[in-house]
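*Asks:* Order-wise, the sequence lines are chains A and B.
Sequential numbering from 0 applies to the first sequence in numbering that gives the first Met the number 0.
Sequential numbering from 0 applies to the second sequence in numbering that gives the first Met the number 0.
Bear in mind the hints are in silico, worked out from the structure with no lab data behind them.
Source: prediction; values computed, not measured.
Errors might be hidden in some of the hints.
Think about it this way: if two alpha-carbon atoms lie no more than 27 Å apart in a straight line, the pair counts; the simulated BS3-like pairs of lysine-lysine are [said to hold, decoys possible]:
{"hint": "1", "chain 1": "B", "residue 1": "Lys276", "chain 2": "A", "residue 2": "Lys37"}
{"hint": "2", "chain 1": "A", "residue 1": "Lys351", "chain 2": "B", "residue 2": "Lys276"}
{"hint": "3", "chain 1": "A", "residue 1": "Lys37", "chain 2": "B", "residue 2": "Lys26"}
{"hint": "4", "chain 1": "A", "residue 1": "Lys16", "chain 2": "B", "residue 2": "Lys276"}
{"hint": "5", "chain 1": "B", "residue 1": "Lys137", "chain 2": "A", "residue 2": "Lys36"}
{"hint": "6", "chain 1": "B", "residue 1": "Lys137", "chain 2": "A", "residue 2": "Lys16"}
Chain B regions said to be covered by chain A (calculated; three or more residues, Cβ under 8 Å) [stated by the list, open to error]:
{"hint": "7", "stretch": "72–79"}
{"hint": "8", "stretch": "115–121"}
Just so you know, even glycine gets a beta-carbon here, dropped at the ideal spot from N, CA and C.
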Amino acid sequence: MRNVRTENQKNEVDDLKKLIRDALAKNNTARKIEVLKKVINIMVLGVDLSDLFSDVLMLSVTPNIMQKKLAYHILIHYASSNPKLAVMSVDSMQKDCSSDFDPSIRGLALRSLTSLNAPSVLDYLAEPIQHGFTDRSGYVRRTAVIGALKLFHYNPSAFEANNFMEDIINCVNDRDPRVAVTAAQSIIEIQKSTGGSISSDFIIALLNRAGEMADFLALAVLDLIPQYTPAEEEIFPLMNAIETVLSTINPAVVVAGVRAMIWIVSQSHDSELLDQAMHRLRTPLITLGCSNCYTQEIRFSMLKHILTIVRIYGNLFEDCLYYFTIMREDPNYIRIVKLQIFEAVVNGKNRKFVESEVFTAMHNISRPNVAACAVSILPKLIANGSAVDSVFRRIGMILASKITPLYKSIFATLPALIQLTPQKLDYLKSVLLPIFTHIPHLNVPYLNEFIGLLPYIAPVLPDAIPTYLLEELLEHWSELDNETQALLVPTVYTMFFVRAGSMGSVVTQMQNVLVNCKNTMLVAINAHHIQLMNSDPHQFRDMLLSTIAPVEPEIFLQEKYALEQANSASLFDEFNSFAVVMGKPSDFFLQDALSMSMVDDELLKMEETTHTEPEPEQYTEPEPEQFAAPQPKGVSLEDLLDFGAPATAAPVTEPATFDFDVTTEIEMSAFQEMFLGMDGVEDSFNYSGTTDSIMSVLRKAASGTNEQGFRYFGYAHLEGEIVLVYMVDDTEAKSVDLVVKCMDGSKNEPIMVYLKNLIQ
Amino acid sequence: MPISQFFILNDHGDMLGNTIYRPDIPKNTVSTFFKHVSSQNSNNEPVFSINGLNYVYMNFNDLNFVFVTTTNDSPFTLLSILDRIISLLRDCLGDASEEAIRNNTPVVYEILDEIIDFGYISDLSSDKISSFIHNKAKASSNQGLLNMNLASRTKPSSATKVPLSDQIGQRLFVDIVENLSIVGDSSGNIINSELEGSIAIKNFNCTGNCVLKLNKRFAKLEAGSEISYTNAGGSELSVSDILFADYVDSDKYTSGIFDFVPSLGESVLMTYRTSQKVDVPLRVFAFTTIEKNRFTLNVKVVANAPVSNVKVDFPLPHGYQSCSFVLPNSTIHKSSPGNWTIDKLKEGEETAMQCNIAINNPQYVIIPELQVSFELPQKTFSDLKIVSLTATSNTQRWTKCISRVKNYSVRLDF
Numbered sequence: 000m001r002n003v004r005t006e007n008q009k010n011e012v013d014d015l016k017k018l019i020r021d022a023l024a025k026n027n028t029a030r031k032i033e034v035l036k037k038v039i040n041i042m043v044l045g046v047d048l049s050d051l052f053s054d055v056l057m058l059s060v061t062p063n064i065m066q067k068k069l070a071y072h073i074l075i076h077y078a079s080s081n082p083k084l085a086v087m088s089v090d091s092m093q094k095d096c097s098s099d100f101d102p103s104i105r106g107l108a109l110r111s112l113t114s115l116n117a118p119s120v121l122d123y124l125a126e127p128i129q130h131g132f133t134d135r136s137g138y139v140r141r142t143a144v145i146g147a148l149k150l151f152h153y154n155p156s157a158f159e160a161n162n163f164m165e166d167i168i169n170c171v172n173d174r175d176p177r178v179a180v181t182a183a184q185s186i187i188e189i190q191k192s193t194g195g196s197i198s199s200d201f202i203i204a205l206l207n208r209a210g211e212m213a214d215f216l217a218l219a220v221l222d223l224i225p226q227y228t229p230a231e232e233e234i235f236p237l238m239n240a241i242e243t244v245l246s247t248i249n250p251a252v253v254v255a256g257v258r259a260m261i262w263i264v265s266q267s268h269d270s271e272l273l274d275q276a277m278h279r280l281r282t283p284l285i286t287l288g289c290s291n292c293y294t295q296e297i298r299f300s301m302l303k304h305i306l307t308i309v310r311i312y313g314n315l316f317e318d319c320l321y322y323f324t325i326m327r328e329d330p331n332y333i334r335i336v337k338l339q340i341f342e343a344v345v346n347g348k349n350r351k352f353v354e355s356e357v358f359t360a361m362h363n364i365s366r367p368n369v370a371a372c373a374v375s376i377l378p379k380l381i382a383n384g385s386a387v388d389s390v391f392r393r394i395g396m397i398l399a400s401k402i403t404p405l406y407k408s409i410f411a412t413l414p415a416l417i418q419l420t421p422q423k424l425d426y427l428k429s430v431l432l433p434i435f436t437h438i439p440h441l442n443v444p445y446l447n448e449f450i451g452l453l454p455y456i457a458p459v460l461p462d463a464i465p466t467y468l469l470e471e472l473l474e475h476w477s478e479l480d481n482e483t484q485a486l487l488v489p490t491v492y493t494m495f496f497v498r499a500g501s502m503g504s505v506v507t508q509m510q511n512v513l514v515n516c517k518n519t520m521l522v523a524i525n526a527h528h529i530q531l532m533n534s535d536p537h538q539f540r541d542m543l544l545s546t547i548a549p550v551e552p553e554i555f556l557q558e559k560y561a562l563e564q565a566n567s568a569s570l571f572d573e574f575n576s577f578a579v580v581m582g583k584p585s586d587f588f589l590q591d592a593l594s595m596s597m598v599d600d601e602l603l604k605m606e607e608t609t610h611t612e613p614e615p616e617q618y619t620e621p622e623p624e625q626f627a628a629p630q631p632k633g634v635s636l637e638d639l640l641d642f643g644a645p646a647t648a649a650p651v652t653e654p655a656t657f658d659f660d661v662t663t664e665i666e667m668s669a670f671q672e673m674f675l676g677m678d679g680v681e682d683s684f685n686y687s688g689t690t691d692s693i694m695s696v697l698r699k700a701a702s703g704t705n706e707q708g709f710r711y712f713g714y715a716h717l718e719g720e721i722v723l724v725y726m727v728d729d730t731e732a733k734s735v736d737l738v739v740k741c742m743d744g745s746k747n748e749p750i751m752v753y754l755k756n757l758i759q
Numbered sequence: 000m001p002i003s004q005f006f007i008l009n010d011h012g013d014m015l016g017n018t019i020y021r022p023d024i025p026k027n028t029v030s031t032f033f034k035h036v037s038s039q040n041s042n043n044e045p046v047f048s049i050n051g052l053n054y055v056y057m058n059f060n061d062l063n064f065v066f067v068t069t070t071n072d073s074p075f076t077l078l079s080i081l082d083r084i085i086s087l088l089r090d091c092l093g094d095a096s097e098e099a100i101r102n103n104t105p106v107v108y109e110i111l112d113e114i115i116d117f118g119y120i121s122d123l124s125s126d127k128i129s130s131f132i133h134n135k136a137k138a139s140s141n142q143g144l145l146n147m148n149l150a151s152r153t154k155p156s157s158a159t160k161v162p163l164s165d166q167i168g169q170r171l172f173v174d175i176v177e178n179l180s181i182v183g184d185s186s187g188n189i190i191n192s193e194l195e196g197s198i199a200i201k202n203f204n205c206t207g208n209c210v211l212k213l214n215k216r217f218a219k220l221e222a223g224s225e226i227s228y229t230n231a232g233g234s235e236l237s238v239s240d241i242l243f244a245d246y247v248d249s250d251k252y253t254s255g256i257f258d259f260v261p262s263l264g265e266s267v268l269m270t271y272r273t274s275q276k277v278d279v280p281l282r283v284f285a286f287t288t289i290e291k292n293r294f295t296l297n298v299k300v301v302a303n304a305p306v307s308n309v310k311v312d313f314p315l316p317h318g319y320q321s322c323s324f325v326l327p328n329s330t331i332h333k334s335s336p337g338n339w340t341i342d343k344l345k346e347g348e349e350t351a352m353q354c355n356i357a358i359n360n361p362q363y364v365i366i367p368e369l370q371v372s373f374e375l376p377q378k379t380f381s382d383l384k385i386v387s388l389t390a391t392s393n394t395q396r397w398t399k400c401i402s403r404v405k406n407y408s409v410r411l412d413f
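Assemble the whole structure, with the sequences as input and the hints as a guide.
*Replies:* Put into structure tokens, the structure is as follows:
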């Protein structure tokens with residue numbers, strides 16, 4: 000099949016070659032343009048036409064700009080796969096760069112020349128760019144600025160040798176606003192890589208000209224404001240200037256204005272002014288989030304921003320919640336974020352309205368993802384005084400009607416509902432018993448939630464049911480995925496204390512299963528549980544049972560949403576960005592972009608071969624002694640309850656280095672549980688770098704979660720054992736408090752020394 | 000803000016255009032994107048991040064217009080640029096449909112090369128761009144309608160779907176588009192309503208000054224102030240928010256007269272939204288009864304003004320066995336279970352429908368709400384009208400009103 004296709008492609012290339020030569024022979028411009036259009040149409044389909052490079056090159060030499068544009072487009076597309084031929088196009092492009100009569104040809108040629116993605120042309124770029132800076136047309140000068148930026152990435156030494164930075168800086172004052180704005184954007188991009196500081200002078204200069212700019216240019220200027228710290232007397236004039244922007248129709252300009260306003264007000268350190276500004280900003284935010292005049296993509300992004308705001312300023316939209324009513328044409332993703340907004344703002348006063356929206360969404364089972372989200376809000380409704388019977392009746396209806404797409408969400412939500420209203424356990428027994436008498440199929444999507452719910456409803460289930468369910472699951476251990484296995488371990492221990500009479504055999508069965516388990520993390524967690532059980536079974540029991548004990552509504556609201564609120568507060572600094580839409584700080588989902596330097600494939604191959612040459616023999620330093628990982632062994636229930644002698648610690652060799660495995664993520668709740676149960680060491684010390692530098696060091700040692708920008712919960716895996724790191728960073732004093740807890744307590748000290756060295 | 004890649008993909012995953020602006024991304028972005036949006040769990044969110052790359056897309060005419068970036072940019076900026084690219088394609092190709100794009104791939108690339116260089120956008124207005132676009136667009140098959148009835152006093156809406164580059168003389172189309180969203184209860188009462196309107200312009204080659212005069216002045220309410228209840232016949236429209244294109248002097252909106260030079264191609268002159276009460280031209284009443292294994296839904300609609308294209312949707316209960324309708328007269332069409340359509344209703348006319356649904360267990364019937372949509376022909380909800388539109392003497396001028404209720408939710412008691 001592949002051969003046939005390749006053969007077809009070859010024929011296609013041959014046909015096109017024939018057409019091009021035919022058009023060249025007849026010297027017919029219309030035919031030349033037609034054949035170039037044909038090439039582009041086939042190129043889009045992903046067919047490799049790089050063999051046509053030299054033929055298209057011949058077509059590029061023409062005074063006809065339409066033909067030239069098409070030819071250049073194709074040349075740029077295939078330059079990287081024809082680095083040697085790419086050089087041949089340089090000459091014609093360079094000539095066009097100095098074309099006298101038409102700035103659009105000069106601009107086109109300069110843009111095309113600097114876009115040829117081939118190392119062989121790099122030496123030919125500097126001169127045309129230099130000329131471009133002094134061109135009389137703004138179109139060409141702007142292309143020169145971008146050309147210089149390309150050179151900065153592709154050939155930094157040529158960029159520096161020609162002192163292009165100075166040229167770009169001069170362009171900030173260019174009479175053409177397009178050139179000025181592009182220069183400012185380029186400076187910011189370059190200084191992000193080189194680490195230079197951004198002068199506020201050019202930001203002010205551009206701000207003064209923003210009024211004369213078209214919307215997308217004015218937008219670029221507004222985006223510069225958060226790079227600039229205004230003096231006290233500038234705050235109010237700037238606020239007034241931004242105020243006019245807020246009635247622009249372009250949503251990007253309005254949000255950039257909102258962001259700039261928030262930035263400027265926050266610089267005044269006047270909380271009352273911030274409150275006033277937030278109140279003023281309500282109207283544009285609602286318009287962007289709820290008005291059908293904007294596309295649903297814009298509304299979605301704005302609703303996500305509003306969600307972040309309401310998690311901090313809960314009552315800002317309190318009196319205008321009806322704007323967020325779920326509408327007939329709302330797609331699922333908008334419905335879900337509207338429900339999340341309701342969850343964030345619901346209180347005693349607006350509960351009735353929110354209830355109506357949540358129940359309506361929950362009953363619309365033709366949209367299961369939205370209904371599932373509505374179900375997850377029920378605990379917060381109850382904690383705010385919703386009628387318990389009404390909520391449980393609806394859950395009962397869904398379970399009795401066997402609406403299985405909602406089971407996952409219901410089983411995930413029931414633990415919180417039971418903790419809030421333990422009196423409804425008997426009602427739940429009647430609706431859940433038919434479901435819990437059958438073990439769910441192992442690949443149902445709600446298996447984990449089903450297991451998670453077990454300890455909460457176990458008190459009302461007949462003894463045999465949970466025992467049978469867990470035994471069955473352990474019997475099929477090898478068929479379960481990692482997440483389910485990881486969930487079963489703590490569940491079995493919790494069930495052991497909930498239903499001590501019938502669970503002994505299950506615990507023994509689990510220990511036997513774990514003997515052959517290849518998941519070292521799980522074995523380590525189990526070993527940790529055994530250690531806890533051995534050292535103080537009462538404390539261990541209390542710890543496990545406290546996680547499923549009833550809670551008061553006030554405490555539930557305080558604890559459940561504290562982290563979310565803190566997270567939103569740190570997200571607020573990234574207003575008007577992907578981070579807010581993603582709901583997590585940008586550090587957590589962005590990676591470093593691939594390097595943009597051009598790489599010659601052939602050179603690369605040569606480099607690879609030289610690297611594979613055998614190195615001359617060298618003496619190497621011996622590896623530092625490694626700690627021996629505890630070997631898992633079969634444990635009976637009797638062993639578990641027998642307070643055995645603590646294991647002797649392995650000798651420590653100084654200086655120790657550690658190869659942490661940071662690939663596994665961990666839930667915050669699991670972190671807290673483990674952190675409380677482990678012994679650790681604590682130290683406070685100063686550091687010399689920046690917060691970012693120490694975070695990057697720490698992230699290499701332990702993956703984790705940043706909370707409020709200064710608290711870090713890190714987690715790593717070291718030779719089968721868990722290491723927890725908790726750090727509080729005082730950025731002003733440049734000091735950190737660091738806590739290290741390793742399952743093998745003897746490693747705490749060396750790990751602390753190791754991390755301290757890294758951070759300092 | 001640098002954009003690393005732009006591509007256009009149809010809903011089946013076929014590529015219609017692909018430009019890599021920065022070589023800082025891997026090669027599998029298109030397949031990663033398509034895999035993600037095709038999966039059921041994605042909910043089709045228009046902004047998402049996978050493997051450290053950010054994807055933003057806009058779906059228009061069943062085509063996905065996608066940007067890929069590596070930095071923590073503003074999604075609004077990227078979405079606005081996508082929106083603007085779609086408008087530019089409509090201006091330059093006549094429409095941003097799959098057919099128009101496939102017929103004009105070289106023009107599409109020409110536009111993309113001109114507006115974005117190394118990920119940074121240049122000026123995006125049709126006025127500026129059109130002077131740099133040299134290839135001519137081929138007209139799509141449905142654009143032939145344009146030449147019909149040139150002398151007629153009306154024109155089909157497809158008249159605006161031609162490329163700007165076509166030599167059709169100077170034409171100016173001005174639409175007032177209003178959207179009313181309503182939430183009501185089962186007794187026909189309105190719980191809340193929100194009116195959004197916009198004045199959209201499509202300008203073919205009209206370069207001079209235009210003056211648009213409306214029959215109402217606008218008054219902007221301060222945030223948090225009480226909404227006035229002037230009736231629709233008044234000379235003032237109180238708005239909660241009002242926004243303008245950058246070519247309009249936004250300080251003069253209170254007069255209801257706009258003096259401006261419209262940009263070439265399509266643009267929105269202004270948008271407004273108001274919570275001011277307007278007369279809702281259609282009320283919906285709904286009653287439900289449950290008897291043994293039969294669930295009955297009675298729906299009555301009453302028109303206070305001529306309305307058309309009325310659609311009533313209701314989700315059928317989970318696990319229903321059968322569903323039958325009782326319809327009173329021939330103007331009513333039943334399209335499918337759970338959906339009732341009425342072509343037209345005159346002023347003062349009312350009609351009703353009964354739907355009998357056989358169910359297994361009367362205890363577990365879940366019907367949360369009815370969803371209604373309809374149109375108000377040749378009028379606006381706020382009674383806003385164009386009094387006059389002046390432009391250069393040889394400009395043909397056309398105006399239109401589109402008034403829709405896309406969202407009328409009738410909450411049932413449950």
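*Asks:* Would you pick out the hints that fail for this structure and give their numbers low to high?
*Replies:* 1 and 4
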